[in-house]
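Asker: Sequence:
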Amino acid sequence: MNNTRQQLKKLPKTLLQKIEKIYGSIDKFYATAYLIARNEHQCQINVMPAAEQRLQTIRAYQGMIRFMLDEGGVNGKEILDQIASDYLDDFVNYKEQDFGMTDEEFISIIKKIR
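Residue 36 in this note's numbering sits at position 27 of the sequence shown; the count goes up by one each step and never skips.
The hints are simulated quantities; they were obtained by calculation from the structure and are not laboratory data.
On a predicted model such as this, the values are computed, not experimentally measured, just so you know.
There could be a bad hint or two in this list.
Stated by the list, open to error - Cβ-Cβ distance ranges computed for the label pairs, FRET-style: (1) 101 with 64: 17 to 25 Å; (2) 114 with 79: 35 to 43 Å; (3) 51 with 111: 13 to 21 Å; (4) 103 with 69: 24 to 32 Å; (5) 31 with 66: 17 to 25 Å.
Claimed, not checked - The list that follows gives simulated cross-link-like pairs (lysine to any residue, SDA-like), each with its CA atoms no further than 20 Å apart: (6) 86 with 68; (7) 121 with 103; (8) 120 with 70.
Glycine included, every Cβ here is placed at the ideal spot set by N, Cα and C.
The whole structure should be built from the sequences, with the hints applied where relevant.
Answerer: Put into C-alpha cells, the structure is as follows:
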C-alpha cells in the first residue's frame with residue numbers, strides 16, 4: 010500500500026463514512042480518483058474527438074470530489090494532486106495499476122459522485 014492510501018485511511022471518521030457510502034471503500038475511492046487522473050492525462054496527450062469537452066467533464070468530477078473532501082475538513086486539492094502524482098509516477102515508470110475494478114463498476118461510482 011502506498012503512502013497516499015495510508016494517509017487516506019487516516020481521514021476524519023465522518024469523511025471516511027461518506028467515502029464508503031459513495032465509493033464502497035477507501036481503496037475504491039483511491040482507484041476512482043486515480044483513473045480519473047489517468048483519463049485526464051490521456052485526453053491531454055492523445056488527439057481524440059471532443060477532447061476539450063471530455064477534459065471539462067473530467068475536471069467537473071474532480072471538482073465535485075475536491076468539494077466533498079474540503080467539506081470533510083481536509084484539503085481536497087492536495088489529496089487529488091497526490092493521487093495524480095501517483096498515477097504520473099506509474100506512467101513514467103511504465104507501470105500499469107490493476108485495481109480489479111470493471112468499467113461498469115467505475116461508471117456506477119462516477120454516477121454516485123453527483
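Asker: Just to be careful, I want the Cα atoms of residue 121 and residue 103 compared with a cutoff of 20 Å; is the pair within it?
Answerer: It is violated: about 31 Å lies between the C-alpha atoms, which goes past 20 Å.
Asker: Taking 35 to 43 Å as the hint, is the beta-carbon distance of residue 114 and residue 79 inside that range?
Answerer: Given about 26 Å between the Cβ atoms, the range is violated.
Asker: Okay, residue 101 versus residue 64 on CB: inside 17 to 25 Å?
Answerer: Once the Cβ atoms are compared, 21 Å apart, the range 17 to 25 Å for residue 64 and residue 101 holds.
Asker: Given the range 17 to 25 Å, decide if the beta-carbon distance of residue 31 to residue 66 lies inside it.
Answerer: Holds, since residue 31 and residue 66 (Cβ atoms, about 18 Å apart) stay within the stated range.
Asker: Does residue 86 pair with residue 68 here, judged by a C-alpha cut-off of 20 Å?
Answerer: Distance ~12 Å between residue 86 and residue 68 Cα, so the pair holds.
Asker: For the pair supplied as a hint, residue 120 and residue 70, is the alpha-carbon distance within the 20 Å limit?
Answerer: 10 Å, holds
Asker: Using the C-beta atoms of residue 51 and residue 111, is the stated range 13 to 21 Å upheld?
Answerer: The hinted range 13 to 21 Å holds for residue 51 and residue 111, with Cβ atoms some 19 Å apart.
Asker: Using the beta carbons of residue 103 and residue 69, state whether their distance is inside 24 to 32 Å or not.
Answerer: 30 Å, holds
When the structure is compared with the earlier hints, violations turn up for hints 2 and 7 and for no others.
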